[in-house]
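Protein chains in written order, with my numbering: chain A, 1 to 421; chain B, 1 to 421; chain C, 1 to 421; chain D, 1 to 421.
FYI, nobody ran anything at the bench for these hints, they're computed from the structure.
There may be inaccurate statements among the hints.
[Unchecked claim] Residues from chain A that keep clear of chain C, each with C-beta distances beyond 12 Å, as calculated:
no.: 1; residue: TYR80
no.: 2; residue: ALA134
no.: 3; residue: GLU201
no.: 4; residue: ARG303
[Unchecked claim] Restraint ranges, calculated between C-beta atoms of paired labels, are given here:
no.: 5; chain 1: C; residue 1: GLU183; chain 2: A; residue 2: GLY362; range: 19 to 29 Å
no.: 6; chain 1: D; residue 1: GLU258; chain 2: C; residue 2: TRP273; range: 23 to 33 Å
no.: 7; chain 1: D; residue 1: GLY306; chain 2: B; residue 2: GLU130; range: 26 to 36 Å
no.: 8; chain 1: C; residue 1: LYS364; chain 2: A; residue 2: GLN321; range: 28 to 38 Å
no.: 9; chain 1: C; residue 1: GLY259; chain 2: A; residue 2: TRP186; range: 48 to 58 Å
no.: 10; chain 1: C; residue 1: PRO31; chain 2: D; residue 2: GLU243; range: 53 to 63 Å
no.: 11; chain 1: C; residue 1: LYS364; chain 2: A; residue 2: TRP186; range: 15 to 25 Å
no.: 12; chain 1: B; residue 1: LYS72; chain 2: D; residue 2: ASP420; range: 21 to 31 Å
no.: 13; chain 1: B; residue 1: PHE137; chain 2: D; residue 2: ASP420; range: 16 to 26 Å
Each residue gets a CB set at the ideal place from its N, CA and C atoms; glycine is no exception.
Chain by chain, the residues run as shown.
There are 4 protein chains.
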Amino acid sequence: MESTITVNSSREQMIAEFHRVRQFTESLCLPLQQDDYQIQSIVQTSPPKWHIAHVSWFFEAFVLDHFKTNYKPFHPQFDYIFNSYYYTHGMMHPRPKRGLLSRPTVGEVYQYRAHVNQQMRQLMESVVEEEWEALAFRIILGLNHEEQHQELLLMDVKHNFWSNPLKPSYRDDLKSMPAGTRETRWVEQPGGVHSIGHSLEGGFAYDNETPQHKVLLSDYRIADRLVTNGEYRAFMDDGGYREPALWLSDGWALLQREGWQHPLYWEQRDGEWMQYTLGGLERLNSHEPVCHLSHYEADAYARWAGKRLPLESELEIVLAQQPVNGNFADADHLHPLPAGETGQWYGDLWTWTASPYAAYPGFKPLAGSMGEYNAKFMSNQMVLKGGCCATPAGHTRASYRNFFYPDERWAFTGLRLAEDV
Amino acid sequence: MESTITVNSSREQMIAEFHRVRQFTESLCLPLQQDDYQIQSIVQTSPPKWHIAHVSWFFEAFVLDHFKTNYKPFHPQFDYIFNSYYYTHGMMHPRPKRGLLSRPTVGEVYQYRAHVNQQMRQLMESVVEEEWEALAFRIILGLNHEEQHQELLLMDVKHNFWSNPLKPSYRDDLKSMPAGTRETRWVEQPGGVHSIGHSLEGGFAYDNETPQHKVLLSDYRIADRLVTNGEYRAFMDDGGYREPALWLSDGWALLQREGWQHPLYWEQRDGEWMQYTLGGLERLNSHEPVCHLSHYEADAYARWAGKRLPLESELEIVLAQQPVNGNFADADHLHPLPAGETGQWYGDLWTWTASPYAAYPGFKPLAGSMGEYNAKFMSNQMVLKGGCCATPAGHTRASYRNFFYPDERWAFTGLRLAEDV
Amino acid sequence: MESTITVNSSREQMIAEFHRVRQFTESLCLPLQQDDYQIQSIVQTSPPKWHIAHVSWFFEAFVLDHFKTNYKPFHPQFDYIFNSYYYTHGMMHPRPKRGLLSRPTVGEVYQYRAHVNQQMRQLMESVVEEEWEALAFRIILGLNHEEQHQELLLMDVKHNFWSNPLKPSYRDDLKSMPAGTRETRWVEQPGGVHSIGHSLEGGFAYDNETPQHKVLLSDYRIADRLVTNGEYRAFMDDGGYREPALWLSDGWALLQREGWQHPLYWEQRDGEWMQYTLGGLERLNSHEPVCHLSHYEADAYARWAGKRLPLESELEIVLAQQPVNGNFADADHLHPLPAGETGQWYGDLWTWTASPYAAYPGFKPLAGSMGEYNAKFMSNQMVLKGGCCATPAGHTRASYRNFFYPDERWAFTGLRLAEDV
Amino acid sequence: MESTITVNSSREQMIAEFHRVRQFTESLCLPLQQDDYQIQSIVQTSPPKWHIAHVSWFFEAFVLDHFKTNYKPFHPQFDYIFNSYYYTHGMMHPRPKRGLLSRPTVGEVYQYRAHVNQQMRQLMESVVEEEWEALAFRIILGLNHEEQHQELLLMDVKHNFWSNPLKPSYRDDLKSMPAGTRETRWVEQPGGVHSIGHSLEGGFAYDNETPQHKVLLSDYRIADRLVTNGEYRAFMDDGGYREPALWLSDGWALLQREGWQHPLYWEQRDGEWMQYTLGGLERLNSHEPVCHLSHYEADAYARWAGKRLPLESELEIVLAQQPVNGNFADADHLHPLPAGETGQWYGDLWTWTASPYAAYPGFKPLAGSMGEYNAKFMSNQMVLKGGCCATPAGHTRASYRNFFYPDERWAFTGLRLAEDV
């Protein structure tokens, strides 16, 4: 179910939406054993317990503390241990040590969530009318923030579980997937001046999607589906991981240092390629989109294929022509599916673009600590578009700018080709 | 209660002792929340869950698998994930990643324990008479092994909890400690030829305590109690951590790299020295023995005091003259106490000696994988004697050789002075 | 003296130009002691001996070997030890170990240079007419390559000498510098569609400057001079290095890890700010441009000043309106100078832009190993424009794209402000 | 030529000996190119330039500065850059950065040496009689110190040159070596009380060799020659580097981390084993002693052979029965030779013992900064005995205690077997 909540929504609508999003976070944790809440397998991942506490802290630090007079935090040190990166807000527990916090316990963290929920409900019911719009803005931001952590939680659980030699599955009842694939179709796009970014009328967007502005492009075409495992295996079989001419310099150095020979989560057992999924170790399906690639691998594949990755602007323009439908978290696959007949545009996998994550012309970050949400990461990262199979439905849009470092692979990332006409 | 079990004990006695030791492990875990079972704060510590599974694996791998025909392990991969360091036995999960195993869950590990207990009881009851002595030897080794992990579990929990900024306590009901101290008394010992090490008649000992052999010593004297917090503070106040002439070269390099200025677990709050204990953060008591020192700090203190650390042989000779009484885990302090009138010889803190951990003349390790228990660590480590406040009563003796790397501080370690006459 | 050599130049002109550039490299080494040729103070720098051998290797590997039948290399292993990063050409000595090559000696490397010069002269005189243009292209590329290493050699020597606690000077006879400064003047530029990049008629350019293409900009203004030491000190005095809100996330993490509190080469002696220069340690001159900044520092300063860094395209458009004059290596200052009345556009310092180094639309790298020259570095680096006081005159131009990682500071880098109108 | 100099030697004798030792250092540098003086291939090695300056600094800091009124150092910062590790003397340049000091130049360092020589000669001629003995003691210490650096210089040059892919030789005129080997003969030694260490009447010794004291040993036998390359290859061929049961735990971890499969300086070319020597890359000679082993490899070999390494005391007792003859630096092989008929006791290779380097009972270090010479290294290192082919003749003796970390391999180290009777 997609959110249509805005700062003009009624209090009832907002309370319902708040409840819905908060509830979905908890539903994602239902398959977890208590032990699973504690794991941080690499520095990029966070323990599930930390995620569900941190998103509550966000409401404490940026909503309750601002709008409730003399708000007393649930616990005096949670501000320290559940702040993620808001330096302007205060000091924080070091990120690599999130997995060492056995206390608060899972039970206490759920109490914390309940406390925040109850305080938020009270606030939403009682705040004076003059403050409502400002409050609503912060709540919507907080809910979008929580949705981001919903997809991160799934990505992190996947890595945590995969790190265990027992290779446990997160779910054994995920919806099964259709077989079959089809040829790529190329969507032709005329160049010229186009508008990208988010116009402020169009509902919620992050500050980094603004301002809407014009870009000048040449003619191009773009694939209507993601590259598949079968196609990627052809690249591997052709020596893709052994040919330096295909790789960006930093990627080649990394490949050699880490001994990369295939995407993350792939392994060979008895001569057959397997892939770890949230449903456990599965035989590799050639028709599914190849996933858990770094930017370097995506870029090398594109060069090998004689194509290139799309620019962010090129992809955004095409996305804006499509309905925001696709294989999102709500579809309950939690794994990318082969492309259907109508094209593969949203969901499935965040698509690497050729565009470094940088500010749009005229960009102004939000004021105060909120300005740390997106702007300070505009260095060394690449833009990804479209959402993935772990993204909550309604969370993404054409102008949405996700970003990861080019060496990161634990996210649900994939690859789509483009070329000049 | 101290064990007097030997290979000549009856089956009933052995079954009772097996039950007692296994039970004590579980009692140490009673204060833990389920979240606490999962933490590995540094590479030296292991998660409690891992400890309690590993000691059960020991019985599977080295007892059940040898004495039960066609023994089928509880789980096919536990041999991989709960092997600690027995390379000759097989491959193992990397030590630094023990904290990443959310599965098996705590519940499953307790099932594993119960299964092993039941299988062991059956084996002890049913094994043929000719195999009893060989079996009894392995069981006694396995129980001593489990007792070692009991004290490690307490040391590890202490470090895990201290790593949490909330500084939780492991127990709030530890027995309180008497105040007051007294002057050190010096025990004079004549040199000459002395016998150290373990004679095989005297009950269980590890292979590294054998063979009993003669050493030639000069006259010496040895302090009858440990150095106290108050005495150590005088060293600190005199600039002990800033004077390179007091330090071994490797120790000084470490001190500078890590910024050491005091023992582990000390901190200043509002100008007052505090110390983290298993009962939480406490005001530092000057009369208690200083603890959680590296060998380098112990050695530097001794040099500053114009004395030296005792040799292992010097200390063993004095220990052999004393009853094996003291502040062990059963006393339920889990913290070192000020010295009493009769001297402080066993318990409280493992005492660093000046002796590198090396083989005794004529030493032969146990055969097979059991030979990896002690012998392969005879490099770069120092001997400690006497047991500590986390050692199960009955586990230690004069000839017992504990060993740690000279830079390690998370164990319950302390310091006793000696000098030439 | 500026080069006007093109593929249409005569053989005599080319021979003269080849001689001029090769000679200039050696003249830069005249102030070096033989010991100085050997130093590699950080992985980014190379020993002078390596530089002067590597630029000769370039002519061996990419010219002589291609155009001379059965060319026999000067030494069979120089291809291994003096290849910098051309993986498609062959294996190479690891970059961090360039400082460990005491052999070949300095004398042998000069023999190598002489040999290559003599072979190249012979080739230029004797090649058949049909091959001349292809040869001329490669020679021009090789000479531009050597000029890049001329400026790197100066940057590297500066870092190498600074790393020595004796703080030796490279030259004691550098031309002295005028005092005084002046206010910044702002150059207003209209937005709209502009052309950037290099048109292939306009003389030599690297592949990364092509193709010429159109960009769409908003109105902006740009400072006509670099930010000065005095202005940068105001940022420092205002707590610029302590305020996380001013910094990109990766920059802040780096600042904390490295303890950055000022630009590279600054230090305080007796309360006064000093700066290491190629002429030795000097009192800091407030009127000179601030130099040896990382991109993070440049970006933080701009944010503090309420401005921003210019886009590459914005700066290129203004540069294209200016004559290519300025304080280049030939001026023999080897240090940035205060801005003169006519503006400070070329020379002095490479200016950080806000633009990540990425491919232009339609970009095609050179074929073969030459394609590794620029393209593979299009990841994680930022564009700099304009040249610096160590750049050989005639080497730079408006479309020139230099690039460094945002954390690098040993190059002659500086900062110019821009803002939206 | 061996030194017989003592504190009772005449001034003329001392001046002659001073000259002889200083001269020998310089003669070792004759084969070096100026470039070679600058290299530090690993943190353990020092550049030759640093060695020859440091040994001069020793005379400045510990002799001239003490015995000459108002002695003005040759250069005010040499005390900082050429202090090796005397923290109580003052601050020093970091060891890993010794290779970055292109200044002072080689020429300046030779001037420094000449200056110190001239000042020392003047001091030896002019010091008042009452100070002579104290001065003589310091000079003898300084000359022994310089001899230690002579052998280190050769070891370091070997590693530096080997690190160069050109594999240059240090000398092409080293004396050739006789072929042939012979069986090991075992020297039987009775146990009981023996005296080891240095009695102060017997000429110069380092503080760590004192006091002479008694040890109690069991009967043992010891091999009269070193283990050969041929014998070591049998260990390798038997899987010695793949069998964890043979290795100390720290050694096995290192072997796996570094991928060790053979001693340092060995490599296979076209299926044949080669060994890098100071004369360049040579075919491996089965009859020569195996060299450049870590303690871990020596220990693993001994375990594989069913023997053990000798204790320091065991070996010292046998050494004390032998004349101090052997293959020392003066023999001009600079490589170990096959054992002769009279046994192989001194020279060839420093022999690893099973004894950690620790203080003798009653040990007192020298007073002041001289006390940092040996004592502070009594941690984590192992004793080696006997000298090697790079040791100056006359420098070693039975009681001499050399020490290296068990993982170090660049020194001329070898292996001799022992066993209990």
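Hint-by-hint comparison with the structure:
No beta-carbon of chain C is positioned within 12 Å of the beta-carbon of TYR80 (chain A); the least distance is around 16 Å. In this structure ALA134 (chain A) is separated from chain C by more than 12 Å, as the shortest Cβ-Cβ distance comes to about 21 Å. Non-interface status of GLU201 (chain A) relative to chain C is upheld: no Cβ of that chain comes within 12 Å, the nearest being about 21 Å off. Distance to chain C contradicts ARG303 (chain A) as a non-interface residue, since its nearest Cβ pair spans about 10 Å, not more than 12 Å.
Roughly 26 Å separates the CB atoms of GLU183 (chain C) and GLY362 (chain A), a value that falls within the hinted 19 to 29 Å. For the hinted restraint 23 to 33 Å between GLU258 (chain D) and TRP273 (chain C), the CB-CB distance of approximately 46 Å leaves it violated. Separation of GLY306 (chain D) from GLU130 (chain B) is about 31 Å and conforms to the stated range, judged on CB atoms against 26 to 36 Å. The supplied range of 28 to 38 Å is met by LYS364 (chain C) and GLN321 (chain A), whose beta-carbon atoms lie about 29 Å from each other.
A beta carbon spacing of about 52 Å between GLY259 (chain C) and TRP186 (chain A) agrees with the range 48 to 58 Å that was offered as a hint. In this structure, PRO31 (chain C) and GLU243 (chain D) meet the distance hint of 53 to 63 Å, their C-beta atoms being roughly 58 Å apart. With their beta carbons about 20 Å apart, LYS364 (chain C) and TRP186 (chain A) fall inside the hinted range of 15 to 25 Å. Checked against the hint of 21 to 31 Å, the pair LYS72 (chain B) and ASP420 (chain D) fails, with Cβ atoms roughly 43 Å apart.
Here the CB-CB span from PHE137 (chain B) to ASP420 (chain D) is close to 25 Å, well matched to the stated 16 to 26 Å.
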